[in-house]
Amino acid sequence: TRLGALIGAPVVAFVDESIKALRVMRTPAFSGTAISVASHDAAFKADKLDASESFKPRGKIAGPMKAPKVPRPPNAFILYRQHHHPKIKEAYPDFSNNDISIMLGKQWKDEAEEVKSQFRNLAE
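Residues in the sequence shown are numbered from 1 upward in steps of one, following UniProt numbering.
What the hints contain is simulated information worked out from the structure, not anything from laboratory work. All C-beta atoms in this analysis are idealised placements derived from N, C-alpha and C, irrespective of residue type, glycine included. Accuracy of the hints is not assured; some may be wrong.
Here are the simulated DSS-like cross-link-like pairs (lysine-lysine), alpha carbons at most 30 Å apart as the crow flies [said to hold, decoys possible]: (1) Lys89 - Lys106; (2) Lys116 - Lys87; (3) Lys89 - Lys66; (4) Lys106 - Lys116; (5) Lys109 - Lys87; (6) Lys109 - Lys89; (7) Lys69 - Lys20; (8) Lys87 - Lys106.
What follows is a set of in silico ranges between Cβ atoms, one per label pair, in the way DEER data are often shown [what the hints assert, rightly or not]: (9) Glu113 - Pro64: 42 to 50 Å; (10) Lys69 - Asp110: 28 to 36 Å; (11) Ala21 - Pro71: 45 to 53 Å; (12) Met103 - Lys69: 25 to 33 Å; (13) Pro74 - Glu114: 17 to 25 Å; (14) Lys116 - Glu90: 21 to 29 Å; (15) Pro74 - Val24: 47 to 55 Å; (16) Met65 - Ser117: 21 to 29 Å.
Take the sequences, apply the hints, and build the full model.
Encoded structure:
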């Protein structure tokens, strides 16, 4: 079993009727004869059948799939920033993206209305 492989020891599974649960634990060391081990194996197989009948898998029921999220289209400033960012980065290679955004935000604010309208048309 996966648990046995994980802990590096044999495991046993059985139904604990007192709490109505399936228990999985490390197989106890037997000091008895091969007969006691064989009878333990038979009891394990019987309990395994009971466990599969009395326990149902739990989990979330798969609902309808969500449609993939469609990204929001870029607005005029984003297009303006994408257009001018490489030029600013080339002129000022030590500037961070945050510094470039601040610079381009001020530049956008002072930009002529004709330039802004060009980027607004691209955004539509």
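Results for each hint:
1. Lys89 - Lys106: Holds. Lysine 89 to lysine 106 sits at ~16 Å (cutoff 30 Å).
2. Lys116 - Lys87: holds, 18 Å
3. Lys89 - Lys66: Cα-Cα ~39 Å, so violated.
4. Lys106 - Lys116: Judged against 30 Å, a Cα distance of about 13 Å means the pair holds.
5. Lys109 - Lys87: This hinted pair holds, its Cα atoms lying about 18 Å apart.
6. Lys109 - Lys89: Holds, at roughly 19 Å.
7. Lys69 - Lys20: It is violated: about 44 Å lies between the C-alpha atoms, which goes past 30 Å.
8. Lys87 - Lys106: Given that 30 Å is the threshold and the Cα spacing comes to 16 Å, the pair holds.
9. Glu113 - Pro64: 42 to 50 Å: holds, 47 Å
10. Lys69 - Asp110: 28 to 36 Å: Once the Cβ atoms are compared, 35 Å apart, the range 28 to 36 Å for aspartate 110 and lysine 69 holds.
11. Ala21 - Pro71: 45 to 53 Å: Since alanine 21 and proline 71 have Cβ atoms about 47 Å apart, the given range 45 to 53 Å holds.
12. Met103 - Lys69: 25 to 33 Å: holds, 31 Å
13. Pro74 - Glu114: 17 to 25 Å: Holds, since proline 74 and glutamate 114 (Cβ atoms, about 20 Å apart) stay within the stated range.
14. Lys116 - Glu90: 21 to 29 Å: For lysine 116 and glutamate 90 the Cβ distance comes to about 23 Å; the hint holds.
15. Pro74 - Val24: 47 to 55 Å: Once the Cβ atoms are compared, 54 Å apart, the range 47 to 55 Å for valine 24 and proline 74 holds.
16. Met65 - Ser117: 21 to 29 Å: Given about 41 Å between the Cβ atoms, the range is violated.
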